[in-house]
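In case you want the letters, here they are:
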Amino acid sequence: MSPFSTYIIHLADNALILGHRNSEWTGHGPILEQDIALSNIALDLIGQSRNLYQLAAERLNSLSPERKSITEDDLAYLRDSTEYKNFVLLEQDNGDWAKTILREFYFSHFQLLQYHGLLNRKDPGLAAISEKSIKEIRYHVKWSSEWVCRLGDGTLESHARMLNALDALNPWIPELFIAADYEKEAAESGLALDPSALYEDWLSMVNTVLANATLPLYPPEKKDAFSLSGKNGFHSEHLGYILAEMQFLQRAYPGCSW
Amino acid sequence: MIPEEKIFEDKIAREVRIEPRDWMPADYRKLLIRQMSQHAHSEIVGMLPEGNWITRAPSLRRKATLIAKVQDEAGHGLYLYSATETLGITREETIDQLHSGKAKYSSIFNYPTLTWADIGAIGWLVDGAAIMNQVPLCRASFGPYARAMVRICKEESFHQRQGFEILLTLSRGSEAQKHMCQDAINRWWWPSVMMFGPPDDASPHNQKSMQWKIKRFSNDELRQKFIDVCAEQVRVLGMKLPDDKMKWNEDEQHYDFGEINWTEFREVVNGNGPCNKERLEARKKAHAEGAWVREAAAAYAGKKNHSSNNQ
Numbered sequence: 000m001s002p003f004s005t006y007i008i009h010l011a012d013n014a015l016i017l018g019h020r021n022s023e024w025t026g027h028g029p030i031l032e033q034d035i036a037l038s039n040i041a042l043d044l045i046g047q048s049r050n051l052y053q054l055a056a057e058r059l060n061s062l063s064p065e066r067k068s069i070t071e072d073d074l075a076y077l078r079d080s081t082e083y084k085n086f087v088l089l090e091q092d093n094g095d096w097a098k099t100i101l102r103e104f105y106f107s108h109f110q111l112l113q114y115h116g117l118l119n120r121k122d123p124g125l126a127a128i129s130e131k132s133i134k135e136i137r138y139h140v141k142w143s144s145e146w147v148c149r150l151g152d153g154t155l156e157s158h159a160r161m162l163n164a165l166d167a168l169n170p171w172i173p174e175l176f177i178a179a180d181y182e183k184e185a186a187e188s189g190l191a192l193d194p195s196a197l198y199e200d201w202l203s204m205v206n207t208v209l210a211n212a213t214l215p216l217y218p219p220e221k222k223d224a225f226s227l228s229g230k231n232g233f234h235s236e237h238l239g240y241i242l243a244e245m246q247f248l249q250r251a252y253p254g255c256s257w
Numbered sequence: 000m001i002p003e004e005k006i007f008e009d010k011i012a013r014e015v016r017i018e019p020r021d022w023m024p025a026d027y028r029k030l031l032i033r034q035m036s037q038h039a040h041s042e043i044v045g046m047l048p049e050g051n052w053i054t055r056a057p058s059l060r061r062k063a064t065l066i067a068k069v070q071d072e073a074g075h076g077l078y079l080y081s082a083t084e085t086l087g088i089t090r091e092e093t094i095d096q097l098h099s100g101k102a103k104y105s106s107i108f109n110y111p112t113l114t115w116a117d118i119g120a121i122g123w124l125v126d127g128a129a130i131m132n133q134v135p136l137c138r139a140s141f142g143p144y145a146r147a148m149v150r151i152c153k154e155e156s157f158h159q160r161q162g163f164e165i166l167l168t169l170s171r172g173s174e175a176q177k178h179m180c181q182d183a184i185n186r187w188w189w190p191s192v193m194m195f196g197p198p199d200d201a202s203p204h205n206q207k208s209m210q211w212k213i214k215r216f217s218n219d220e221l222r223q224k225f226i227d228v229c230a231e232q233v234r235v236l237g238m239k240l241p242d243d244k245m246k247w248n249e250d251e252q253h254y255d256f257g258e259i260n261w262t263e264f265r266e267v268v269n270g271n272g273p274c275n276k277e278r279l280e281a282r283k284k285a286h287a288e289g290a291w292v293r294e295a296a297a298a299y300a301g302k303k304n305h306s307s308n309n310q
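Residue numbers (numbering that gives the first Met the number 0), protein chains in the order written: chain A, 0 to 257; chain B, 0 to 310.
Do not rely on the hints blindly, as some may be mistaken.
To be verified - Lysine-lysine pairs mimicking DSSO-like chemistry, simulated, CA-CA at most 30 angstroms apart:
1. Lys284(B) <-> Lys98(A)
2. Lys207(B) <-> Lys101(B)
3. Lys103(B) <-> Lys276(B)
4. Lys134(A) <-> Lys153(B)
5. Lys98(A) <-> Lys276(B)
6. Lys177(B) <-> Lys98(A)
7. Lys177(B) <-> Lys134(A)
8. Lys141(A) <-> Lys10(B)
9. Lys302(B) <-> Lys103(B)
10. Lys302(B) <-> Lys98(A)
11. Lys10(B) <-> Lys212(B)
12. Lys131(A) <-> Lys183(A)
13. Lys141(A) <-> Lys103(B)
14. Lys153(B) <-> Lys239(B)
15. Lys103(B) <-> Lys177(B)
16. Lys239(B) <-> Lys224(B)
17. Lys131(A) <-> Lys153(B)
18. Lys67(A) <-> Lys177(B)
19. Lys98(A) <-> Lys303(B)
20. Lys67(A) <-> Lys134(A)
21. Lys101(B) <-> Lys212(B)
22. Lys141(A) <-> Lys302(B)
23. Lys283(B) <-> Lys29(B)
To be verified - Sample of chain B residues with no beta-carbon within 10 angstroms of chain A, all distances over it, derived:
24. Asp26
25. Lys29
26. Ile32
27. Arg55
28. Pro57
29. Ala67
30. Cys152
31. Glu154
32. Asn218
33. Glu294
34. Lys302
FYI, nobody ran anything at the bench for these hints, they're computed from the structure. Built from N, CA and C at the ideal position, the CB exists for glycine as well.
Excised from the complex, chain A in its bound form:
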């Protein structure tokens, strides 16, 4: 698979896995209005993943016209954990509302910068998806930032829960900014974006909000210590269970239309 196709699948996997995790809250949210809001974000992300998988499928089909053509669902439902390329951050369990909010906050800021960067890369298909998605992500950024402030600067309990969330999620952040080989290659050919270039902007954006929320800032020194790399298919144990659940029908009844 070409580096750029792999890159599109990486973007799609990110959107799908976080959309899936967020959708686990549907019907169980702490406030009815917020249940609706988070379900809506889940829906946006799943919509983005569909657009991206379709783009990837189109490319793969046009490169190998002799093979049976693949669909968005083949990509989502018939790949195993090591073939998935989402960030480890996104597959973590939802935990409490603080952890879910913080993850949405970190990722939506990242995604906003990433999709902005993709607007003027060479591939018009990806640029179009980015443009459409940015409109949605702006809302995700606003919504999650407001919640980070409410929880950080709300009660003693909510503040303590945000501290736990920071502890749980901060270790998964460096991966976002370390380019995978396919990402580097695709970036060099003008199609993708090297994520290390986004770090400074991301740091300043999230730290502005964390400061307002009276929470500790994300530590600026980059950690190069050993960590998992979901974008290279090296995941935590959570992803296997997500896929087992998500792919159950497609695996149990192969080749059916639904």
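With chain A fixed as given, assemble chain B onto it according to the hints.
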């Protein structure tokens, strides 16, 4: 009759909507609070059996539509809680009544969703029965309820078509899919027929509700209408409704149908259905685990108000 009551009765007779600030008999208010809050709770509890399949939906398109559908139910709950608030009861009080078991919700949601086909069957049968009940409520005498129902009915009929389409796809699929489709219809049919409530001669609230034009048709009339429609639609699916006694009655111009198991109905209403405890526990758990979130939001809003007042 006091003068206010005369005005009220006159409005009902002339089909003029009753609005929240108008005088209304205490029993009218009570009946509406009971019915509307029960309706709101049904939307919210109803999110659970369908939400059960969001993470296992078989394609990305189905997953997206199912999330959107369950989210619509949350929206319906929201307008109905708001409409109920116009009668002088807060959302918190209403929700407390659900959690304490004082308020009921539609018993249909106490049945489990076992396979993907159940999502189709709920859309077709459960939403279908709900629409049958709800379309006449768009003309209910209480303004906020009638207006909420107009919007809800539009979305429900969309859900019903989606549900039918899920079943249609299964009915044209593999043997296993066809079997899944028939099995779901078998399990959801009778509970859906029971959704119209007890027979008219045993329905305590029917008469008052009809007299005040909250309801326009009796339980049995709506049930018959539903059965007549489904008996035709099931043929398109090439499936069967699980009722040996069902047959067209030329004289009545309706379908005859078999005996309804009212013992099962009463058991499920009284808390002994297959999922009553789980459903209520899930709602209570979400509410209890969300308490710190609501407190934080209130504390933060308080701080912001305070600081803007001091500026």
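Worksheet item: Can the restraint linking Lys131(A) and Lys183(A) be considered satisfied, given a maximum Cα separation of 30 angstroms?
Response: 24 angstroms, holds
Worksheet item: Would the pair Lys98(A) and Lys276(B) pass a check requiring their Cα atoms to be no farther apart than 30 angstroms?
Response: This hinted pair holds, its Cα atoms lying about 28 angstroms apart.
Worksheet item: Can we trust that Ile32(B) is non-interface, i.e. its beta-carbon lies farther than 10 angstroms from all of chain A?
Response: 18 angstroms, holds
Discussion item. Can you confirm whether the C-alpha distance between Lys103(B) and Lys276(B) stays at or below 30 angstroms?
Written reply: Given pair Lys103(B), Lys276(B) holds - Cα atoms ~13 angstroms apart, limit 30 angstroms.
Worksheet item: Since Cys152(B) was said not to touch the interface, does its Cβ keep a gap of more than 10 angstroms from each Cβ of chain A?
Response: Since the minimum Cβ distance to chain A is about 19 angstroms, Cys152(B) lies beyond 10 angstroms and the statement holds.
Worksheet item: Holds or violated: are the alpha carbons of Lys10(B) and Lys212(B) at most 30 angstroms from each other?
Response: 11 angstroms, holds
Worksheet item: When you check the alpha-carbon spacing of Lys177(B) and Lys134(A), does it fall within 30 angstroms?
Response: 41 angstroms, violated
Worksheet item: Can we trust that Lys29(B) is non-interface, i.e. its beta-carbon lies farther than 10 angstroms from all of chain A?
Response: 24 angstroms, holds
Worksheet item: Straight-line Cα separation of Lys131(A) and Lys153(B) no greater than 30 angstroms?
Response: 28 angstroms, holds
Worksheet item: Is Lys101(B) within 30 angstroms of Lys212(B), Cα to Cα?
Response: Distance of about 25 angstroms is within 30 angstroms: holds.
Discussion item. Would the hint linking Lys302(B) and Lys103(B) be met if the CA-CA limit is 30 angstroms?
Written reply: Violated, at about 38 angstroms.
Fill in: Hinted pair Lys239(B) and Lys224(B), Cα distance within 30 angstroms
It holds: about 18 angstroms lies between the C-alpha atoms, which stays within 30 angstroms.
The structure does not agree with the numbered hints 6, 7, 8, 9, 13, 15, 20, 27, 28, 29, 33 and 34 stated previously, though it agrees with the rest.
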